[in-house]
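Visitor: Make the full structure from the sequences, and use the hints.
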Amino acid sequence: MAGPVLQMRDIVKTFPGVRALDGASISVSEGEIHGLVGENGAGKSTVIKVLAGVYGADSGSVTLDGQPLTAITPANVHDAGIRFIHQDLHLVPHFTVTESVFMGQEVAGRFGLSKRQMRNMAERFFREVLDIEIGCGRLIRDLTTAERKLVQIARALIDDKARLVVFDEPTAPLAIGEIEKVFAAIRRLKAQGIAMIYVSHYLSEITEICDRVTVFRNGKDVAVFDKISDDSAEDIIKAMVGRELGQLYPNRTHAAGEPLLSVRGLSDGNRFFDVDLTLRRGEILGIAGLIGSGREELVDTLYGLRKAKSGTIELADLPLKLSKPADAVGKGVVLVPRDRRGDGLVLAMNVMENINLASLEEVSKLGWEMRGAARKRAEKLIGDLDIRPTNPDAIGQTLSGGNQQKVVLGRWLAIDARVFILDEPTAGVDVGAKVEIYQLIEDLAAKGAGIVVSSSDPGELIGLCDRILVMMRGRINHEIGTQGLSIDQLVAMTTGAADFSTAGGTARSAHAG
Amino acid sequence: MADSVAGSEQATGTRWTLPVRYGFLVLIAAFVVFFATMNPVFLHGGNLMNIVEGSAILLIVALGMTLIVSTGGIDLSVGIALDFGAAFAVVAMKEFGVDWYTAALIGIAGGSLVGLLNAGLVVGLKVSPFLATLGTFFIGSSVQRIFTNGGGPISHRRMPQEYRDLAVGDIFGIPTEVVIAGVICLIYFVVLERSIIGRRVHALGMQRSAANVAGLKVNRYLIACFIVASMTCAVGGLIASANIRMFTPLSGFAYLLDAIAAVFIGAALHPRGRPNVPGTLVAVLFLSVVTNGLNLMGLNFNTKDALSGIILVSVLALAVAQRKLR
Amino acid sequence: MPDSVATRPGGFDLRRAVGMAPVAIFVAMLIYIGFNAPNFLTWSTIQLVLSQSVPVVVVCLGLSVVVMAGGDDVVSGGIDLSVPATAILCAGIIAQQVTLAEQPLFLAAMLAFGAALIVGALNGFLVTRIGMTPLLTSLAMFVAVVGVNNVITASRRIDIDAPLILFLRDDRIVGLPAGVAIALVLCVVFVFAIHHTKWGLNLQAVGGSREAAEVSGLRPSHFLFWSFVIAAFAGFLASFFVLARGSGSSPGTEDNLLLEMVLATFLGASFSPRRVVTVWGAVLGAVLVAALSIGFKSMGVNVFWTGLIKGSLILIVVALGAASQRMR
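Chains as they are written, first to last, in our numbering: chain A, 1 to 513; chain B, 514 to 839; chain C, 840 to 1167.
Hints are computed from structural coordinates only; laboratory data are not their basis. Please note: incorrect hints may appear among the correct ones.
[As the list claims (entries may be wrong)] Pairs of lysine-lysine, DSBU-like flavour, derived with a Cα cap of 35 Å:
#	chain 1	residue 1	chain 2	residue 2
1	B	Lys639	A	Lys309
2	A	Lys227	A	Lys115
3	A	Lys331	B	Lys639
4	A	Lys365	B	Lys639
5	A	Lys307	B	Lys817
6	A	Lys190	C	Lys1037
7	B	Lys639	C	Lys1136
8	B	Lys730	A	Lys321
9	A	Lys434	A	Lys376
10	B	Lys730	A	Lys365
11	A	Lys307	A	Lys238
12	B	Lys817	A	Lys434
13	A	Lys447	B	Lys730
14	A	Lys376	B	Lys730
15	A	Lys49	C	Lys1136
16	B	Lys607	A	Lys307
17	B	Lys817	A	Lys324
18	C	Lys1037	A	Lys115
19	B	Lys639	B	Lys730
20	A	Lys49	A	Lys181
21	A	Lys309	B	Lys730
22	A	Lys227	A	Lys181
23	A	Lys380	B	Lys730
24	A	Lys380	A	Lys324
25	A	Lys181	C	Lys1037
26	C	Lys1136	A	Lys161
27	B	Lys607	A	Lys324
28	A	Lys331	B	Lys607
29	A	Lys321	B	Lys639
30	A	Lys190	A	Lys238
31	A	Lys324	A	Lys309
32	A	Lys434	A	Lys227
33	A	Lys324	A	Lys434
This structure is a prediction, so every number in the text was calculated from the model and none was measured.
Guide: What follows is the structure in structure tokens.
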């Protein structure tokens, strides 16, 4: 390998009042997958935006293949062969695969678009570079999320001029089984000598796929790891937070009591079937499953967002009839939704309004809103949950992911909820806030609430839950205690691999409790 | 990386706050001065009362529109609700000889049919409010044509004096229609801006799915809002029919655009861009000042119409542009 | 999971059925009319339908471009309600100049063209620079433009007998009424420009997902702005057909044109395999709507009822559209 493909040195970037980058450096070689990690606000996204030409750096140098890059504009960067795979898919739902791949870089002849030629090029790219069959005439909205991600990758690489590709959280919307597909594609690109920067919060992925890792903290690169193994994660976390983190998951102090929520034979007739589950007071119950396993639909149905075809739900031995979320909330069953920005927060409302939204009666007299009381309550919860900024008038949209999640949780703490359903509670949340949210969940359980955690992060499920239900193709395939359960075992169960293993038995259907 | 491109535009700071907050009042003042110099009559007490009286029906309709826009929708059928209010009341008095207050109640009930249809379409069939109320508008217009055989007015010269007084009477020296509009405005203010109902309406208007997940009874609120808005507009219809002692088909349409404009100008005056009752009130008064001033300038009907249309577009643009400067 | 991507035979068919229902309803109504109205399915009636539909077809070309560039959410996406008003304004200007001011048609047309450009550029400016929603902008613009037209024409009907207008009305090109033939050419030009060029595809991308377009290096405001200018241009073109159809300009025609334009464009979405607004879908929709109007008339249905029927049709079409969306 010759010199590095990309070298960013001592980049400084200040915004009014904030020094976002304080002499940050990163260097990537040919055919290398270079991890870039750091907590939110550490400067990862700023350095990427400097590279993309979105922000101009105050000082520092950027060289590509040893040549200094001057005049960094989005167009110049693109021409130089630097490509970005953004976290959001940025695809048009009603476009075909071909149209999406060539969006903004269409091939046109003298008489309009060369539709056939584009299609051939796209098909060849998927077959030869990514090694998959995708069907280039299909519409984006009919593809799985993983396939859409691959289309996004194809769009960045179709012109064959890419030298360096930056992946920003490429697996965030994907389920465990789908991640492999994207990884396979990334590894093929590596084999072709393309340099890559891989930005992710998921350290397990970083250690799995990256060759080297740069850690950012407070706008600086604080550590570079040249050899990555599965054990590197702990050291990386240490570098990220700059202190001993103690541990990610809280000590268990909660103990399961009598049954609280019991579900019998629940089906929606379409995405999940015959689901039985029992949640006890003071218990944390995990639900694992790939996208399409019916996990999301089950959660939605337990909250009244979808209608069940058959089956019963009982709450403390009383039948629970759910036709809308309000029915669930009225009985103390609450949801922290997976789509925090769409379904969780009212983004345009401030923290106070969001926190009080579900319990407005309690801060009102005869329907008249007592603003003083509302503010006081919000301030108390902001303090209890350590929400930043502490200003109750801060607009929801401006909060970081972790703080947004705390606001949603705070809303339910304001009413005396008995059952908390948490769907992907820490997706897009940085490590520090994760720890706080885990502790919060533990505290709720210790106080006797029943908690359901639906998650695509196997580590989180094992670290947090007492039992895990594993869903596959709409059914609960395994129910398993987390004592001594390894991530590999859990992944094997969610992907169905465990069902085919000859022994079959190590973890299979080992009922807990 | 949650922080996307959105953050970059926030910086343009406080320098603009003052002119933006009060810029609109300055604009009103400028128009007042202009009209006063064009015709001194403009500032006479009698004329100012004319302006306020002339705003009553528009204010009522605009309040109904404020409610619907607060839910995140738009209501193109406010005029139909107004027409229905007038038609039901006038026909009830003329054909069935009912009391004035029974007629008023029947009128309001008649207007609520429009809201009911809208609510059914929007909540039941999930049609977007724009297309739903557009359909209601055409159906309602057609029904009026069919019923009046092409749009002839239904006149009722000998309507009860009490009903007539809705438009021409006064309470303690204040014109009844101003009192009615004022009371409705106050109720709307309390409910939309100061009560928890208003808080919920705003929440579901800004982000319906989040409000739903937060456990608000979204559909119930939407249905109620459509019905209340149409009943409010029907009250405007009562006053209109009392004023001219007849029901004129399709006359409500005239208020539609002004009502929409008032709501959006009002929203642009709000620090966070929300539709709001005080903003709507200010905007309605502004529009009435313009109409009245143009009238006093003695322009012909067509010119006046065109001018107010152009002023409307400009003011809307200005209001929206000002909010962006914040 | 490549293969397990839920192929649900039952659900899929139902969705298709619901998606096709608006078309089926239209066809059923046309067949019903065909059986009940004398001479409905004759070549002369079909020619009449085509001639009558031409003004709506041409304004639909404009609206569909705006919807495709802005997205098909009526409130937050792209819509231009002012196209019919622009058409009526241009017709008013041409008729007033030619008949009352006795100017040559060319000069009058240039004036109208300039007026249309101003309306389109203003719409585009207000939406892209000021940040007003297209719905609000074009609704306000509709009223302002109608107001200006009423000043120009003094709210009166003005006849016109310029040769070009008479040619559009009376003459024939290769067996078709001249107006229809020329409108057909316009349709082909629009379909090609929007569906078969790079620029057109980019415009659709902007409407499909603004962020996606931006990430791909496209400037959404550029396409939005030009979509409004193109729509106003379509309004200008439509004015000739409006003049030909009415043998002059008459006030008040814009309301009906507005209704039929919206109905046809959104109905057109249910003809497209992707269920989105397309140019040719809008054109087809416009022709079908005209066929219905004429069919009802020839069946002797009271003219006051047609508004009711069309209003209900809008609702049925969009309600079915919403239903098929939810079945995804």
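Visitor: Each of the hints needs a verdict: does it hold here or not?
Guide: Verification of the hints:
no., hint, result
1, Lys639(B) to Lys309(A), "22 Å, holds"
2, Lys227(A) to Lys115(A), "46 Å, violated"
3, Lys331(A) to Lys639(B), "27 Å, holds"
4, Lys365(A) to Lys639(B), "34 Å, holds"
5, Lys307(A) to Lys817(B), "56 Å, violated"
6, Lys190(A) to Lys1037(C), "32 Å, holds"
7, Lys639(B) to Lys1136(C), "32 Å, holds"
8, Lys730(B) to Lys321(A), "15 Å, holds"
9, Lys434(A) to Lys376(A), "26 Å, holds"
10, Lys730(B) to Lys365(A), "20 Å, holds"
11, Lys307(A) to Lys238(A), "45 Å, violated"
12, Lys817(B) to Lys434(A), "63 Å, violated"
13, Lys447(A) to Lys730(B), "29 Å, holds"
14, Lys376(A) to Lys730(B), "26 Å, holds"
15, Lys49(A) to Lys1136(C), "63 Å, violated"
16, Lys607(B) to Lys307(A), "50 Å, violated"
17, Lys817(B) to Lys324(A), "51 Å, violated"
18, Lys1037(C) to Lys115(A), "10 Å, holds"
19, Lys639(B) to Lys730(B), "16 Å, holds"
20, Lys49(A) to Lys181(A), "27 Å, holds"
21, Lys309(A) to Lys730(B), "22 Å, holds"
22, Lys227(A) to Lys181(A), "24 Å, holds"
23, Lys380(A) to Lys730(B), "27 Å, holds"
24, Lys380(A) to Lys324(A), "30 Å, holds"
25, Lys181(A) to Lys1037(C), "31 Å, holds"
26, Lys1136(C) to Lys161(A), "63 Å, violated"
27, Lys607(B) to Lys324(A), "46 Å, violated"
28, Lys331(A) to Lys607(B), "53 Å, violated"
29, Lys321(A) to Lys639(B), "23 Å, holds"
30, Lys190(A) to Lys238(A), "28 Å, holds"
31, Lys324(A) to Lys309(A), "15 Å, holds"
32, Lys434(A) to Lys227(A), "27 Å, holds"
33, Lys324(A) to Lys434(A), "30 Å, holds"
In summary, the numbered hints that this structure violates are 2, 5, 11, 12, 15, 16, 17, 26, 27, 28.
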